[in-house]
Amino acid sequence: MFTHLLVGTNDTAKSKQFYDATLGALGYDPGFDAGTRFFYRGAQGAFGVTKPIDGQPAVAANGGTIGFAAADKDQVDAFHAAGLANGGSSEGDPGPRPNAPGNAYGAYLRDPDGNKICAFCQLPG
Amino acid sequence: MINHVMVGSNDIERSKIFYDAVFGTLGAGEPIRNVADSGHIRLFYRHDGGTFCVSQPIDGRPATFANGGTIGFKCGSPEQVKAFHDAGVAHGGSSAEDPPGLRNGVLGPMHLSYVRDPDGNKLCAIHRPA
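Which chain is which? The protein sequence lines are E and S, in order.
Numbering follows our numbering, in which position 81 of the first sequence is assigned residue number 81; successive positions increment by one, without gaps.
Basically our numbering = 1-based index in the second sequence + 1000.
None of these hints come from the bench; they were simulated from the model.
Source: prediction; values computed, not measured.
Ideal Cβ placement from N, Cα and C applies to all residues, glycine included.
There's no promise every hint is true.
With a Cα cut of at most 30 Å, we get these calculated DSSO-like pairs of lysine-lysine [said to hold, decoys possible]:
hint, chain 1, residue 1, chain 2, residue 2
1, E, K73, E, K14
2, S, K1016, E, K14
3, S, K1016, S, K1074
4, E, K16, S, K1082
5, E, K51, E, K14
6, S, K1082, S, K1016
7, E, K73, E, K16
8, E, K73, S, K1016
Computed footprint of chain E on chain S, listed as stretches where at least three residues anywhere in the stretch have a Cβ under 8 Å from a Cβ of chain E [claimed, not checked]:
hint, segment
9, 1042-1049
10, 1065-1075
11, 1081-1095
Same shape as in the complex, but just chain E:
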C-alpha cells in the first residue's frame, strides 16, 4: 500500500540520532544521509525525515501517527527506551494494547520535532 513516508524536521542531526537509535532497535541500518533529508529502507517501503521543501518550519500533525512494525516485545521495549535516550519523549509506555487488533503490544514516542510514532508487535499466544 505504502511506498514511503516522510516527516519533517527542524534539526536533521538531532533527528537522525533519534531515528538511527529507534529504528536501529527495530533492526534497520542507520539512515542514508541525502543532505537535507535522510532515509531508512525496509522490505516494503522507505521512511524519510526531511527539512520542509517550502522553507517553513517543520510542524507535527495533530491526529497523525506513523506505526512501525516490530518483531517482538523486546524490540518494542528497545525502540521506546532508545527514543527516550535520544531526544524523544514518551507518548505511551510499552504495554499491551487491547483495543488494537489481535494480541497487540505497542509503545508511543514523540520524535524531537514532535512527530508521533509508535512500534507494534503481536504477542505470542
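With the hints as your guide, set chain S onto chain E.
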C-alpha cells in the same frame, strides 16, 4: 516496515468521501468504522498489506497536518497515479506540487502526483516503471 499510518480529521464524513474515492482508484474497499473508548471515530482502510487510518484527534483538539510530512501510496500504472489525484481533487481535496506526470529523479523515472486531503494532509501517488 510500516504497521500503519494515521492522519487526523476535523470532519470524518468529509474524510470518508475523500478517502473512499482515492482508495477506490487503488481497488480498496469500504473502511472499518471504529469508535474508540474515548468516543472518537476513526476509519481503517486495509489494502495490499497496509493499514491507513483517519481519526478524530484523541486529545480533542483540532486535527492539523504536518509540514514536511508526506504519505506515499503505491500505484500500478501511470493512469492510476492520475486517477488517484483526480479523484481526490473531485472529492474535497486539492492538487499539490506539480501536476501528475513523469519525473526523472535520482531514483530514476517515476510517475507522481500529489494531492492534499480536505484537512491538508499531503498524499503522494507513485508508480515506478519496471
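> Hint numbers the structure violates, sorted upward?
Replying inline: Checked against the structure, the hints that fail are numbers 2, 4, 8 and 11, while the rest are satisfied.
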